[in-house]
Structure formats: structure tokens, C-alpha cells
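Colleague: Below, each chain spelled out in residue letters.
2 protein chains.
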Amino acid sequence: MADTKIRLYVEQPLGEGQTIPLTREQAHYLFGVMRRGVGDTLAVFNGRDGEWRAEVREAGKRGGTLDAVEQTAPQCDPPDLWLLFAPIKKARTDFIVEKATEMGAARIMPVQTEFTNSERIRQDRLQAHAVEAAEQCGGTFVPDVSDLQKLDRLLADWPEDRQLMFCDEALAGPGETLGQAGGGKWAILIGPEGGFSEAERARLHALPFAHAVSLGPRILRADTAAVAALTVWQQALGDWA
Amino acid sequence: MADTKIRLYVEQPLGEGQTIPLTREQAHYLFGVMRRGVGDTLAVFNGRDGEWRAEVREAGKRGGTLDAVEQTAPQCDPPDLWLLFAPIKKARTDFIVEKATEMGAARIMPVQTEFTNSERIRQDRLQAHAVEAAEQCGGTFVPDVSDLQKLDRLLADWPEDRQLMFCDEALAGPGETLGQAGGGKWAILIGPEGGFSEAERARLHALPFAHAVSLGPRILRADTAAVAALTVWQQALGDWA
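Protein chains in written order, with full-length UniProt numbering: chain A, 1 to 241; chain U, 1 to 241.
Among these hints, one or two may not hold up.
Since the list gives no way to pick out one identical chain from another, each pair is judged satisfied if it fits inside one copy or across any two copies.
Stated by the list, open to error - Mimicking PhoX-like on lysine-lysine, the simulated pairs with C-alpha atoms at most 25 Å apart in a straight line are:
{"no.": "1", "residue 1": "K5", "residue 2": "K89"}
{"no.": "2", "residue 1": "K61", "residue 2": "K185"}
{"no.": "3", "residue 1": "K150", "residue 2": "K90"}
{"no.": "4", "residue 1": "K90", "residue 2": "K5"}
{"no.": "5", "residue 1": "K89", "residue 2": "K150"}
{"no.": "6", "residue 1": "K90", "residue 2": "K185"}
{"no.": "7", "residue 1": "K5", "residue 2": "K61"}
{"no.": "8", "residue 1": "K61", "residue 2": "K90"}
{"no.": "9", "residue 1": "K150", "residue 2": "K185"}
Quick caveat, the hints were computed from the structure, so don't treat them as lab data.
All chains should be built: construct the whole structure from the sequences, respecting the hints.
Modeller: Set out below in C-alpha cells:
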């Protein structure tokens, strides 16, 4: 039974004839939940070697193995784009990670701003969300989710060759035109639900690598703003063109 | 205590000195949850008369009244844009309604396509979500949420002066440029998670008022696609410019 709708992220290198051991969770999903067995095929990817068709060789309750058969899609990496956001309520933070993966961010970085409530995040849980979103969206890339960092420290050590688009709710008018700023390495910064502090806003506007952009006349929630900002960037400079 | 962070949608006309009766739910929220009382101020809007500062005149457990004091923002209607989408799982349908309100859709229309699972929706619950989203996003307008309609019937009776942007996952390349199609009345159609059927896709491409647009190389979930599509439209033809 061939079912390309099942896509699994694996950690092993993928190549013709490569054997892929399954984790206990993957075996449970594939053989228990999805009722697949020996000889069935599915799609696998590891974030580096494209997508492969794989066939089940051994199926057990606690594990199993697949054989990689042939490459079905080349590796396709997103643009070199970071998404920085201030974590919010659990469900919405999960959504931001899912959406950033679908929208093609290369790295997802939770940041602490002056008005961020979160003291810590569950990096492992958010990384697992990124894997699941990549499995669902048909991509071959999984963005890295970083641990929580302080925004002011991140800006102090900012790499000089990376531009930053930030979304300023207080901005009247459309803000800067990204196309003129040019491609290359970028990051998008989404503020917390309470907005940036006055000191943060002044600092951001003064940074030579920062570009203020407006997301319209209504106030967007952080998860909505993340998708809207990624759309603006992908259309102007990314892989949507 | 002035707190502009509290915003309530009310149904009464708003004007200087106008008395506004509160529903039981609003009284519970305002006096019970938010601990406000007589003399406190908040913002109210009704979707027609802009935003007003109102003062609590009577506060009870089951009701109360406000006095409208002065207009604090003019009425601001979104562009004449409908969002058509195929309902999906409950939580994600709620999200689409919330996001469409924030992003400035004038009307939200759940539609049944060939691959839509939903037979019915809770229109009243979705409308309440739109009200809540309008309260949160600082807007003065609440989009109407329609009851579930069949897409094929809706297209058969389509108003000839309204253009339709639909998001085609199977499209290679960026699709049409919206700017060239011009402003005026529009609708956006987001397909169901399983995509459009071949018959639906062929019909959509053949419609003289329809414009196919791509949302990038990855497959987006319906709620992500709704925000991305609204961003594309608002940037090209809407009130973000």
C-alpha cells in the first residue's frame, strides 16, 4: 500500500538502500495508529537529503526498520531567515512555531522583551512542533528552535551582515519598502502582545540594520502578525516569487 | 479609573449622552472579572458609530448601564472584501474567523466544497468569535459571519462586479499580479485541507472574475493560508498601503 500522505522526519542519513531504524513513537504511529505493515511505503526526510520513498522492512510494537528506496524530491532549504518572537500563551506559541515552519523560516528564536511575561520555554516541545509542521507541510527542512534569549543581548551581538525587519504597531504609513533593502540574510522580529517598550522601539529604530514595517491599521495578535510578516517578507525577498 | 484596554461591542446607537444597557454577560465581565464599578470608563463600539469612551453609571450583578461620553475614534470600515473558506476542525475554524477579523475582512463566509467534511457550523458561535476579535484588535467594525453555503451554488449566483482571488496549491509560479486586476469589490477563497477537486479547480480557473494566486512552495494549513492570502490582498489592494 503506497500512501504518500504519511511523511516522517528521521535523523539518519538518507540514500539508496539505507536502513532507517524507527523510534518507539514512530513505530506506534505507523503500525498502531496508521495500521501500516511490512511492504508498505511512506515518505521520509531528514532535513538534509531531500524526500525519499521508504518501505517498511520490519514492523514491531516497539520499533521497526525502513529501507530507503528512491529520492522523490530534492532537498529544498528556505531562505536564510530567522523569526524572532516574544513567547505568549502556550497554544499561541505552538501556533507561531507551526506557522513559521510552514511559511519557510530557517530558524525560530523566542526572545524576552521588556513586556514579555515568559521566563522560560520548553525548547524540546517547540522543536517537536516544528518537526510535526514540517511533516505536514510537505517541506524537506526543519527549522531549529532556539532556547529563550534576551532581546537586548541578541541585538548587542547582532551579526553585521543580517538585516532585521521589525513590525511597529505605532508606525503611521506602510514603513520601508523591503525590496530596496535587498536580499541576503534577514530576521523578522514580532513584538509581544503588549508591544515594545518606548526604549526598545527607540533602540530598534536607531539600529543601522533594522527596517520598520507596518502590518496595517488594526492591531494583530502575535501569531497573526507572525504569518503576515512572513508573507510580506517572502513575497518581497523570499522564495514565493 | 480609566482603562482603554477594556473594549466592549454593544448593539445600541452611540452618541453623546446615550445610555447603553449592558447584557448579563457584559456586566459579569466588567464588574465581576475586571472589577470595574460606577464612574470607571471603558471603550465601546457598535460597528457603525466609531469608538466611544463610556462611563459606568449603574453596576449590578445581572446588568448595568453605561453613558457614552465622547467619540475617541471615527468609524473605520475595512475594504469590501469577503473571505470564503471551507470549515475545518473546530479550533482552526475559530482561528480563521478571529484572524479574518483582525486582518480586515468585511464578511466571513464558510463554504462547502467537494472535499469539505463539515455538514454544518455554529454560525452564532463563529459570530461571537468575530465580535471578540474586534474587541481585541482595536477595530470599530465587526464582520458578518454567514451560515454555511455550497461553493458551487455561490459561484453560480456570483455578483458580476466582484472579483475573486483563489489560492491554488497546484500553481507553479507566483500566479497573477493583483495590482493589475484593480480595486473595488473582492473575495478571497481558501480551499479545504484536502485541496480543491479537479472539477472545482477547472471551474475556478475558467471563471472570468477569478484570479489564481500562489502562496509559496510549501503547503499551508487553511488557517495559515487565510492570513497569508489576506496579507497579499491587503498589501496590493487594501487598507495597508
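Colleague: When the hints from earlier in the document are held up against this structure, which numbers fail?
Modeller: 2, 6 and 8
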